[in-house]
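K.L.:
Produce the entire structure from the sequences given, and follow the hints as far as they go.
Protein chains: 2
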Amino acid sequence: MKALHELTATEARALLGQGKISAEKLVHATLEYINEREPEIEAWVCLRPDLAIQQAKELDRQGSQGLLHGIPFGAKDIFDTRDFPTTFGSPIYAHNQPAIDAVHIALMKAAGGVLLGKTVTAEFATFKGGKTHNPQRHNHTPGGSSSGSAAAVGAHMVTLATGSQTAASVIRPASFCGVIGFKPTFGKISLGGVKSLSPSLDTLGCFTRSVGDAALGVAAMSGDHALADIAPLKKKPRIASTLTYDAKQASADAVAAVNHAALLAEDVWQKDVPQIDLPKIFSDMSEIQGRIMWSESARSFTFERENYPEQLSQQLRGLIKQGAQISYAQYSADLLRAEEARHVMHALLTDNYDVLISPAAVGEAPQGLTLTGDPIFSRVWTLMGLPSITLPLFQGSTGLPVGVQLVAARGRDAYLLSVADALMKAR
Amino acid sequence: MKALHELTATEARALLGQGKISAEKLVHATLEYINEREPEIEAWVCLRPDLAIQQAKELDRQGSQGLLHGIPFGAKDIFDTRDFPTTFGSPIYAHNQPAIDAVHIALMKAAGGVLLGKTVTAEFATFKGGKTHNPQRHNHTPGGSSSGSAAAVGAHMVTLATGSQTAASVIRPASFCGVIGFKPTFGKISLGGVKSLSPSLDTLGCFTRSVGDAALGVAAMSGDHALADIAPLKKKPRIASTLTYDAKQASADAVAAVNHAALLAEDVWQKDVPQIDLPKIFSDMSEIQGRIMWSESARSFTFERENYPEQLSQQLRGLIKQGAQISYAQYSADLLRAEEARHVMHALLTDNYDVLISPAAVGEAPQGLTLTGDPIFSRVWTLMGLPSITLPLFQGSTGLPVGVQLVAARGRDAYLLSVADALMKAR
Numbered sequence: 001m002k003a004l005h006e007l008t009a010t011e012a013r014a015l016l017g018q019g020k021i022s023a024e025k026l027v028h029a030t031l032e033y034i035n036e037r038e039p040e041i042e043a044w045v046c047l048r049p050d051l052a053i054q055q056a057k058e059l060d061r062q063g064s065q066g067l068l069h070g071i072p073f074g075a076k077d078i079f080d081t082r083d084f085p086t087t088f089g090s091p092i093y094a095h096n097q098p099a100i101d102a103v104h105i106a107l108m109k110a111a112g113g114v115l116l117g118k119t120v121t122a123e124f125a126t127f128k129g130g131k132t133h134n135p136q137r138h139n140h141t142p143g144g145s146s147s148g149s150a151a152a153v154g155a156h157m158v159t160l161a162t163g164s165q166t167a168a169s170v171i172r173p174a175s176f177c178g179v180i181g182f183k184p185t186f187g188k189i190s191l192g193g194v195k196s197l198s199p200s201l202d203t204l205g206c207f208t209r210s211v212g213d214a215a216l217g218v219a220a221m222s223g224d225h226a227l228a229d230i231a232p233l234k235k236k237p238r239i240a241s242t243l244t245y246d247a248k249q250a251s252a253d254a255v256a257a258v259n260h261a262a263l264l265a266e267d268v269w270q271k272d273v274p275q276i277d278l279p280k281i282f283s284d285m286s287e288i289q290g291r292i293m294w295s296e297s298a299r300s301f302t303f304e305r306e307n308y309p310e311q312l313s314q315q316l317r318g319l320i321k322q323g324a325q326i327s328y329a330q331y332s333a334d335l336l337r338a339e340e341a342r343h344v345m346h347a348l349l350t351d352n353y354d355v356l357i358s359p360a361a362v363g364e365a366p367q368g369l370t371l372t373g374d375p376i377f378s379r380v381w382t383l384m385g386l387p388s389i390t391l392p393l394f395q396g397s398t399g400l401p402v403g404v405q406l407v408a409a410r411g412r413d414a415y416l417l418s419v420a421d422a423l424m425k426a427r
Numbered sequence: 001m002k003a004l005h006e007l008t009a010t011e012a013r014a015l016l017g018q019g020k021i022s023a024e025k026l027v028h029a030t031l032e033y034i035n036e037r038e039p040e041i042e043a044w045v046c047l048r049p050d051l052a053i054q055q056a057k058e059l060d061r062q063g064s065q066g067l068l069h070g071i072p073f074g075a076k077d078i079f080d081t082r083d084f085p086t087t088f089g090s091p092i093y094a095h096n097q098p099a100i101d102a103v104h105i106a107l108m109k110a111a112g113g114v115l116l117g118k119t120v121t122a123e124f125a126t127f128k129g130g131k132t133h134n135p136q137r138h139n140h141t142p143g144g145s146s147s148g149s150a151a152a153v154g155a156h157m158v159t160l161a162t163g164s165q166t167a168a169s170v171i172r173p174a175s176f177c178g179v180i181g182f183k184p185t186f187g188k189i190s191l192g193g194v195k196s197l198s199p200s201l202d203t204l205g206c207f208t209r210s211v212g213d214a215a216l217g218v219a220a221m222s223g224d225h226a227l228a229d230i231a232p233l234k235k236k237p238r239i240a241s242t243l244t245y246d247a248k249q250a251s252a253d254a255v256a257a258v259n260h261a262a263l264l265a266e267d268v269w270q271k272d273v274p275q276i277d278l279p280k281i282f283s284d285m286s287e288i289q290g291r292i293m294w295s296e297s298a299r300s301f302t303f304e305r306e307n308y309p310e311q312l313s314q315q316l317r318g319l320i321k322q323g324a325q326i327s328y329a330q331y332s333a334d335l336l337r338a339e340e341a342r343h344v345m346h347a348l349l350t351d352n353y354d355v356l357i358s359p360a361a362v363g364e365a366p367q368g369l370t371l372t373g374d375p376i377f378s379r380v381w382t383l384m385g386l387p388s389i390t391l392p393l394f395q396g397s398t399g400l401p402v403g404v405q406l407v408a409a410r411g412r413d414a415y416l417l418s419v420a421d422a423l424m425k426a427r
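The listed protein sequences correspond, in order, to chains B and R.
Mapping the first sequence onto our numbering, position 215 (from 1) lands on 215, and the numbers just tick up by one.
Mapping the second sequence onto our numbering, position 66 (from 1) lands on 66, and the numbers just tick up by one.
No wet-lab data here; the hints were simulated from the structure.
Treat the hints with care, since some could be wrong.
Distance condition first, Cα-Cα at most 30 Å in a straight line; then the derived DSBU-like pairs of lysine-lysine [to be verified]: (1) K321/R x K57/B; (2) K321/B x K131/B; (3) K235/B x K271/B; (4) K25/B x K425/B; (5) K20/B x K2/B; (6) K321/B x K57/R.
Short, incomplete list of chain R residues facing chain B, as computed with Cβ under 10 Å [unchecked claim]: (7) I100; (8) D101; (9) H104; (10) I105; (11) K109; (12) G187; (13) G192; (14) S196; (15) L197; (16) S200; (17) H225; (18) A226; (19) R299; (20) F303; (21) E306; (22) L336.
The structure presented is a predicted model; accordingly, all values stated were derived computationally and were not measured.
Beta carbons are placed, not taken as given, at the ideal position from N, Cα and C, and that holds for glycine.
P.N.:
Okay, structure coming up:
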């Protein structure tokens with residue numbers, strides 16, 4: 001048998017269900033392994049081992065019911081938690097102690113999940129890197145803004161960790177750390193108790209080491225429990241690949257990863273996977289995503305800007321200032337254009353293809369911890385509100401992981417998971 | 001000159017701009033009048049007169065810039081505030097002190113608004129009435145869930161107060177208290193720092209005594225400052241009235257109010273205002289709104305249900321239980337149907353009419369304080385995400401106010417305000 005901390009959540013569930021392991025033992029083994037790896041990875045802001053063990057014991061006493069019964073998990077420190085301080089990656093909130101768990105965390109705990117602690121986030125889920133190291137190569141970024149969650153799962157410290165994405169903060173760190181990152185359809189998971197950045201874009205998701213676990217995680221986070229059961233596909237999916245209008249920014253590694261995934265899909269389903277260009281309206285959607293994000297962010301950070309300007313990083317202050325200069329008329333026009341593009345995308349992903357394969361990041365994780373990498377290859381998909389998933393299918397030229405991103409039409413989360421699962425099992 | 005506390009925000013702005021009054025005097029006069037009326041109305045959860053005076057003095061020193069410079073306002077106690085406890089109308093949070101102002105409150109304060117205190121809300125912005133009395137007749141409900149804000153404005157204790165609406169919590173209390181209630185397009189005002197009830201429906205808005213003030217309030221709350229300037233209409237609006245598929249529940253007063261407003265519009269623009277039926281798809285939209293609301297609420301209150309079940313009212317516990325019994329498949333199907341209906345509504349409100357007139361409530365405010373009145377006549381419009389406004393144009397058979405509700409297409413907030421302003425000025 002695998003070491004307990006190496007079990008996927010799905011595997012652990014089965015063993016817990018059969019009474020072969022206890023929640024207490026699983027949580028204990030996980031905490032021990034965290035102890036071992038944390039000094040080199042620095043994925044956590046805080047942990048409460050005693051509380052976790054106590055909750056696991058209580059779950060063992062109660063017996064199993066919930067979807068996450070006895071499964072330990074980590075939560076990005078941008079989410080309110082009653083039992084842990086919530087810093088949002090900012091010195092302003094170093095001692096902030098919310099009274100309530102964010103809605104998705106309450107749902108995970110009600111489903112039996114055991115929250116071990118909070119994971120490192122870039123400042124307010126934006127760009128300034130934290131202390132966390134890439135588990136594959138320590139002097140490289142794990143990506144951001146969900147840095148700690150991606151690194152913790154990549155280092156096998158925990159099997160499930162939550163994140164949020166406004167530009168690329170789930171998809172890209174998953175790619176950099178060689179794990180699964182799943183961001184469901186916009187609106188699928190409640191934003192209650194989540195520090196707001198850009199309300200038109202903010203979406204929660206999770207990091208795991210298997211597609212089954214990603215399904216399980218988002219099923220619990222959203223309350224859509226049926227999502228946990230990945231259904232086999234009834235017919236061959238219509239898949240295409242696209243490098244989007246930002247193709248110029250894709251490294252050879254990113255292009256090779258997409259081609260590799262397309263070939264794998266052709267092999268699995270014996271069906272052509274053409275490379276396509278996106279419709280013309282998408283030519284400036286990355287730019288529009290950026291403007292909407294910073295226009296909304298400038299408003300979202302009004303409290304911090306007014307009360308603690310000197311405790312915001314210089315980089316973030318600059319971006320807020322830039323965002324505040326975008327006129328409301330421009331912002332409104334951008335929202336309308338994005339809505340128009342959503343209709344075009346919906347038609348493409350209903351009439352022509354079921355799934356698109358696209359880069360998850362511009363390439364391997366860059367060196368250094370101050371920057372978290374370019375979000376360019378998720379901007380369009382996040383703006384469209386599509387479910388998207390990073391699959392760690394490829395290795396780059398220096399040996400670091402390079403993921404690919406799969407997307408499907410809004411609301412087709414279950415379908416996307418089915419395709420992703422088949423691809424991961426076939427690699 | 002009017003007494004200072006009787007000034008609308010727009011009037012006060014002009015006098016402040018001309019240096020004829022100071023923010024300190026305005027805030028002081030407002031607080032004095034609150035002192036006088038509060039014992040009979042009980043609209044406030046807490047007030048901080050000293051802090052408000054101090055902020056007003058500081059604003060006087062700085063001189064005027066912001067949209068709400070020196071304007072006192074109240075905030076529904078469902079919104080996080082750094083300087084006031086935030087109870088959500090629940091004993092669970094009697095001592096809850098957030099570290100951050102909700103985004104819209106930070107925007108209002110940054111625009112120079114002076115937050116006086118928190119206003120009474122029904123438990124978690126749902127149905128259980130608070131202590132507040134209807135200013136028009138004290139043994140009648142002010143409506144809910146934004147009870148304190150509507151009553152405070154109705155009693156002239158404050159000229160601007162904020163609210164939120166998931167079913168009818170702005171439109172209905174405005175009707176009951178004889179004031180303007182304006183709920184802009186869904187998504188217009190950030191929900192950051194707002195206790196989440198039903199994320200697909202929750203929308204913020206405000207109460208005022210003039211349409212100009214409603215425009216000013218939402219301009220500050222959203223950051224869309226151009227909204228503050230109400231533009232004259234360039235051509236005659238296409239207006240229709242409708243009693244919706246819930247017509248059976250409209251009292252004679254509600255029907256008379258709609259007819260009165262339609263006649264007024266015909267008089268103003270010398271143009272026919274036909275009474276129409278809504279397209280067939282709307283026949284079950286009120287029911288769908290209710291199911292979406294309670295399905296999402298059941299998830300939103302997971303933390304409270306798990307940790308403090310005995311401190312939830314029996315009524316709310318019942319509703320949460322009911323919500324939890326709605327299957328996720330039903331909920332998903334309801335969301336899709338609502339989206340379909342939004343397209344039908346958008347076509348109707350683009351191709352055929354600019355504004356619809358509809359009841360704001362079933363009739364006059366009912367007697368007693370335990371119930372806050374039936375939300376039926378806002379369910380459809382909230383679900384559609386339309387901007388809507390209550391105009392206090394009519395008196396019911398026992399002399400209490402009966403408002404009408406005007407709605408326009410999503411995003412046409414400014415247009416709706418122009419029509420509403422013309423009607424209010426013509427009455």
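K.L.:
It remains to establish, for every hint, whether it holds in the given structure.
P.N.:
Structure-based check of each hint:
| no. | hint | in the structure |
| --- | --- | --- |
| 1 | K321/R x K57/B | holds, 28 Å |
| 2 | K321/B x K131/B | holds, 26 Å |
| 3 | K235/B x K271/B | holds, 11 Å |
| 4 | K25/B x K425/B | holds, 29 Å |
| 5 | K20/B x K2/B | holds, 13 Å |
| 6 | K321/B x K57/R | holds, 28 Å |
| 7 | I100 | holds, 5 Å |
| 8 | D101 | holds, 5 Å |
| 9 | H104 | holds, 9 Å |
| 10 | I105 | holds, 8 Å |
| 11 | K109 | holds, 7 Å |
| 12 | G187 | holds, 7 Å |
| 13 | G192 | holds, 3 Å |
| 14 | S196 | holds, 3 Å |
| 15 | L197 | holds, 9 Å |
| 16 | S200 | holds, 7 Å |
| 17 | H225 | holds, 7 Å |
| 18 | A226 | holds, 6 Å |
| 19 | R299 | holds, 5 Å |
| 20 | F303 | holds, 4 Å |
| 21 | E306 | holds, 5 Å |
| 22 | L336 | holds, 8 Å |
Of the numbered hints given earlier, the model fails none.
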